[in-house]
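**Q** What follows is each chain in one-letter form.
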Amino acid sequence: KNQVEQSPQSLIILEGKNCTLQCNYTVSPFSNLRWYKQDTGRGPVSLTIMTFSENTKSNGRYTATLDADTKQSSLHITASQLSDSASYICVVSAGQAGTALIFGKGTTLSVSS
Amino acid sequence: DTEVTQTPKHLVMGMTNKKSLKCEQHMGHRAMYWYKQKAKKPPELMFVYSYEKLSINESVPSRFSPECPNSSLLNLHLHALQPEDSALYLCASSPRLAGESDTQYFGPGTRLTVL
Numbered sequence: 085k086n087q088v089e090q091s092p093q094s095l096i097i098l099e100g101k102n103c104t105l106q107c108n109y110t111v112s113p114f115s116n117l118r119w120y121k122q123d124t125g126r127g128p129v130s131l132t133i134m135t136f137s138e139n140t141k142s143n144g145r146y147t148a149t150l151d152a153d154t155k156q157s158s159l160h161i162t163a164s165q166l167s168d169s170a171s172y173i174c175v176v177s178a179g180q181a182g183t184a185l186i187f188g189k190g191t192t193l194s195v196s197s
Numbered sequence: 026d027t028e029v030t031q032t033p034k035h036l037v038m039g040m041t042n043k044k045s046l047k048c049e050q051h052m053g054h055r056a057m058y059w060y061k062q063k064a065k066k067p068p069e070l071m072f073v074y075s076y077e078k079l080s081i082n083e084s085v086p087s088r089f090s091p092e093c094p095n096s097s098l099l100n101l102h103l104h105a106l107q108p109e110d111s112a113l114y115l116c117a118s119s120p121r122l123a124g125e126s127d128t129q130y131f132g133p134g135t136r137l138t139v140l
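These protein sequence lines are chains A and B, in that order. Using the working numbering, the first residue of the first sequence is number 85, and each one after it goes up by one. Using the working numbering, the first residue of the second sequence is number 26, and each one after it goes up by one.
So here's chain B without its partners, still in its complex pose (with noise of 0.2 Å):
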């Protein structure tokens, strides 16, 4: 299995919900990572999670709440966001913390779209 999963694949919500963002993989990798993708720009990386642990934070606002529940799982919870939080949201992992020849495998993302 060589596939980043991501749920759901759509997601509308006002700005007073509670969301969750789901990203799986069963490759066995030990770092994980969440990117934010407005149209016609490259990804921008939000959070990464290294053997669980919260490596790094691109000093994302906190109405996004990353989550790493065990090595196969991560999850992004959403509250109170802005309709300029719309964008695709994308989960990728490697083996390990972007090692010199560690490549990204990235899922198909979420669309996420804020009223």
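Isolated chain A, as found in the complex (with noise of 0.2 Å):
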């Protein structure tokens, strides 16, 4: 059964301070994997996209590394700041078409000063 597991479920951390958000899938036939930013009450965000073939890509304070191996991908936020807070999502793209997205439940992460 294709599945993706988010963990932590929900991180409080200092302004200014480092995170990891960690994510487990297993999804057959594998096409992308996407690091979303949601707000709350709002439409998601992309931060990032990696192919099969990408291990590491960066969008400014966020870095997302993909090990297509052990089927773990990581979202690290660098130096948070108080708009990091939000709910973040990976999202697993299947099949050859990759049309059947597999959504994470998110972590929602707060950040207080």
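Calculated directly from the structure, the hints in this document are not laboratory data. Be a bit skeptical, because a hint or two may be false.
What the hints assert, rightly or not - In silico BS3-like pairs for lysine-lysine, Cα to Cα no more than 25 Å straight-line:
(1) B/K44 <-> B/K61
(2) B/K78 <-> B/K61
(3) A/K189 <-> B/K34
(4) A/K141 <-> A/K155
(5) B/K61 <-> A/K85
(6) A/K85 <-> B/K63
Please assemble the complex out of the two chains, which come individually in their own frames, going by the hints.
**A** This is the structure we're talking about:
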């Protein structure tokens, strides 16, 4: 069964600290893996997208890694800001055409001052 | 223009009402999507249009009726909804149908409340 598991479910950190969010997946055939940031009541915003051959991708203070062998991905946030408080969703695209999107349940990050 | 717009932002309707949600993008994307998202849950795919043709219908009840009048517009017609249909409805688009490197761009959503 295609599944995407994210951990932790929620996380509280102090402003300026770093953190790492995890995503494990059992999806076949794998097409790509995306990380989205979603503010409460708003639509998700894409942070990174990685295909099978890519193992790291950065977007400002966000760095995503992908280990296709262990089927794990992580999202590292550097020097967190209050505006980083949001839900972070890992989405794996499956199938030859990548038409099946498997969503993780998200990690809720709270950054406090 | 790298934006997906959705109207209205908020909608309150009764169970006997007929209403429509609208989504628009001008990025030349040929795949458009409707998602339903309940609080603290990930988005659930409802419909996918590819080149203005319905490609995927995830067994959505017929009280939800999608329409894609042209490559930039996507509508979701609502009729005889139930209170449990209250949710955030998200529209998304991508250059192609979830291609290998294609990102889906999401709109801000319409917050729907069914009384």
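**Q** Do the alpha carbons of A/K141 and A/K155 lie within 25 Å of each other, as the hint requires?
**A** Within the cut-off at roughly 16 Å; holds.
**Q** Given the proposed pairing of B/K44 with B/K61, does the C-alpha separation stay at or below 25 Å?
**A** holds, 16 Å
**Q** Are the Cα atoms of A/K85 and B/K63 separated by 25 Å or less?
**A** holds, 23 Å
**Q** Taken at face value, is the distance from the CA of B/K34 to the CA of A/K189 at most 25 Å?
**A** holds, 24 Å
**Q** Does B/K61 pair with A/K85 here, judged by a C-alpha cut-off of 25 Å?
**A** holds, 22 Å
**Q** Do the alpha carbons of B/K78 and B/K61 lie within 25 Å of each other, as the hint requires?
**A** holds, 20 Å
Of the numbered hints listed earlier, not one is contradicted by the structure.
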